[in-house]
Amino acid sequence: EDKVVQSPLSLVVHEGDTVTLNCSYEVTNFRSLLWYKQEKKAPTFLFMLTSSGIEKKSGRLSSILDKKELSSILNITATQTGDSAIYLCALPDSGGSNYKLTFGKGTLLTVNP
Amino acid sequence: NAGVMQNPRHLVRRRGQEARLRCSPMKGHSHVYWYRQLPEEGLKFMVYLQKENIIDESGMPKERFSAEFPKEGPSILRIQQVVRGDSAAYFCASSPNRDMNTEAFFGQGTRLTVV
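So the protein sequences, as listed, match chains Z and L.
Going by our numbering, the letters in the first sequence line up with residues 1 to 113, in that order.
Going by our numbering, the letters in the second sequence line up with residues 114 to 228, in that order.
Okay, chain Z solo, but in the shape it has when bound (with noise of 0.2 Å):
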């Protein structure tokens, strides 16, 4: 069975602060890792991930994906306070649909003014 773990669960920081999520996964098809940011309502797509090394960026976010180490991981430089969100990590299962996806719980980020 696919597998993802996000790390930490949880996490505060203050303004201004650069912070780094995790997610780990175990699948045996790997096809892509996708990331999100979910606020008290729709996920919203961050960023889809295919090679390793490559890192995408938009504005104070970035992710790389390391495929040996099977991760990948999140980064958010000089946080805001709009950036309190739960992050989560997902990656299509490994039966080659592109519309089941296998989600992480979660890191739930709280940037405090």
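The set of hints was computed from the structure by calculation and includes no laboratory data.
The beta-carbon is built from N, C-alpha and C at its ideal position, and this holds for glycine as well.
Just so you know, not all the hints are guaranteed correct.
Said to hold, decoys possible - Here are some of the chain L residues that sit facing chain Z, going by a computed Cβ distance under 7 Å:
#1 Y146
#2 G155
#3 L156
#4 F158
#5 Y161
#6 D212
#7 M213
#8 N214
#9 T215
#10 F219
#11 G220
#12 Q221
Following the hints, complete the assembly by docking chain L onto the known chain Z.
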């Protein structure tokens, strides 16, 4: 272009009642997916539908749960004779193709509470 619309946002049902959750996909999207988020758990796939067809219901509990996506109108997730364990957030997502990657969008979810 409105996003994926789910209603109601919050639903309270007594044990034994029926719950109906609605999902209107984004304009131009004919693929709908339902996921459930139990407390302290990650989102879990339930069912994938295209217009008038259930493509994959491998994540649906065998009893009491059903889903449809009629030719006209929203997709409906129906839970009969609800029990406390059905309390969860139910999310719908839609996409223009058979893919939950970059072109899929989630709705804001329906939080079901069974009392």
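Right, here's what the structure says about each hint:
1. Y146: Nearest chain Z Cβ about 6 Å off; hint holds.
2. G155: holds, 4 Å
3. L156: The hint holds - L156(L) has a Cβ within 7 Å of chain Z, the shortest such distance being about 4 Å.
4. F158: holds, 5 Å
5. Y161: holds, 5 Å
6. D212: It holds, given that the least Cβ distance between D212(L) and chain Z is near 4 Å, below 7 Å.
7. M213: Holds. Min distance 5 Å.
8. N214: holds, 6 Å
9. T215: The hint holds - T215(L) has a Cβ within 7 Å of chain Z, the shortest such distance being about 6 Å.
10. F219: holds, 4 Å
11. G220: OK, holds: G220(L) within 7 Å of chain Z, min 6 Å.
12. Q221: At 4 Å from the nearest chain Z Cβ, Q221(L) passes the 7 Å test, so the hint holds.
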